[in-house]
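Taken in order, these protein sequences are the chains called A and B. Residue numbering for the first sequence follows our numbering, starting at 1 and increasing by one per position. Residue numbering for the second sequence follows our numbering, starting at 189 and increasing by one per position.
Warning: the hint list may mix true and false statements.
Said to hold, decoys possible - Partial selection, computed: residues in chain A whose CB lies under 8 Å from chain B:
hint: 1; residue: Leu44
hint: 2; residue: Asp48
hint: 3; residue: Tyr51
hint: 4; residue: Glu72
hint: 5; residue: Glu76
hint: 6; residue: Asp113
hint: 7; residue: Val115
hint: 8; residue: Asp126
hint: 9; residue: Arg153
The set of hints was computed from the structure by calculation and includes no laboratory data. Think of the CB as a built atom: it goes at the ideal place given N, C-alpha and C, for glycine as much as any other residue.
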Amino acid sequence: MHELIPPEAVLGALKKALASTLGVNESAIQPSSSIVRDLGAESLDFLDINYQMEQLFGIRMARHFFLEHAEEMFGEGSAIDDDGHLTVPAMALLRERYGGAGLPPTGESLDLDEVPALITVQAVVDTILAILETLPEHCTCGSAAWRVEDGTRIVCGSCGEVALFTSGDELTKQWLASAGPGAGLGQP
Amino acid sequence: MDTPCFQGRVAVVTGSSRGIGRAIAEAFSAAGADVVVNHRDPSPKATARADAVCARIRALGRRAIAVRADIADRQAVHQLIAETNREFGRLDFLVLNAARAPFKPIERLLERELRQLVETNFLGHLFCLREALPLLETNGGKVVFISSLGSRVSTPSYPLGSMKAAMEAVVRDCADSLGERGIRVNAVCGGIARTDSFKVLRQVWDGLKEVPDRLFVEPEEIADVVLFLCSPAARGIRGQTLVVDRGLGNRGPV
């Protein structure tokens, strides 16, 4: 953990973006709030919020949900069945990624349309932190003197270049490559 | 501004609860036509958006109804046109605007995504066209398809472009056969507008940052050309695609 940007700063920035995009009061936003169910977001709102986070932190959030990546990596039908329900391995991955809140009892499946409601404020904070965590040890100029500008931008203290992080999609694929087979998905 | 050629006429605009479709629906009503506002998403927010468009149209003294129908569903399209006929008793202008597609390279689409791409953005338009023909034929109707620059310019992660190109070919073909039946068919190819789709596009197309503000087209600019194509002034234009992009498509590499 480099902790150049503390989790509280990410949570604070995300709350601001959610409040302005969704027209909700910042004080009503809890880490455990479901962004869809409790805060009223639609899928396009996620794009707006992600975009704001990208501009703020200089990162690249995932363009595709992990279930889409799973289908691409492990084959069509591996994560979502013909009726639009999550398969058993996909449910196991969902539990691992989004914890217990709002998930049905073990053995029951979810419709794909029900999945966005599971995404909490904390889950997005964790995603951003995971991306920030991929900060390379050294800048391309060789310096290891990272510093934070304006509270959110990590730049090289030597050459001033902005830090480059692994993208959200790449991180998701790396996670699926290791967690997928354990959850019952085939080898990628 | 009432225009005689639109007064008392009826337009169906698919996908008109927001974006370019909304601008077209409102332009028709401003010119004097009654409008059927179609949308797909059954969520309360989407329904509220369609109702808000209808309310703005009614505020102009026109009639408007919102009809939820997924154009990829032939039965739903049948009901959309039946409801238009029941409510207004006629149909003069059909604007094929609805679109729905994932944003990723076409070779990465899963089979169900490919099928949905074709079902909505190709078959769906043809379902609408065929279902509307009897009504359009009665009044010398006009059909306008809304295309985009992706039909002719390689655009990253935009498989919709191939369907737009296919539909421009349909417009070319059926302009003649439907022209014999008194129906005029054309298309408008829009440039980049700052609609909801833009929010997705800017995520998958880094080069978008290089496009200067002055080259973004307003939805109303596209709507104005749709109305022109539906007016008698465009009587000699058939099977054409008019590009409304502020010249963006003419630019070479930056």
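To see whether the hints hold, each was checked on the structure:
1. Checking Leu44 of chain A against chain B by beta carbon gives a least distance of about 5 Å; that is within 8 Å, so the hint holds.
2. Here the hint on Asp48 of chain A is kept, as its CB sits about 6 Å from the closest CB of chain B, short of 8 Å.
3. Evaluation of the Tyr51 of chain A hint against chain B yields a held restraint, the C-beta minimum of about 7 Å falling below 8 Å.
4. For Glu72 of chain A, the interface hint holds, since its Cβ comes within 8 Å of a Cβ in chain B; the closest pair sits about 6 Å apart.
5. The interface hint given for Glu76 of chain A is met, as the beta carbon of that residue sits about 5 Å from the closest beta carbon of chain B, less than 8 Å.
6. A distance limit of 8 Å between C-beta atoms decides the matter here; for Asp113 of chain A the minimum to chain B is near 10 Å, and the interface restraint is violated.
7. At its closest, the beta carbon of Val115 of chain A sits 15 Å from a beta carbon of chain B; the interface hint therefore is violated under the 8 Å criterion.
8. With a least beta-carbon distance of about 20 Å to chain B, the hint placing Asp126 of chain A at the interface is violated under the 8 Å criterion.
9. The criterion of a C-beta within 8 Å of any C-beta in chain B is not met by Arg153 of chain A, whose closest approach is roughly 17 Å, and the hint is violated.
Checked against the numbered hints above, the structure breaks hints 6, 7, 8 and 9 and satisfies the rest.
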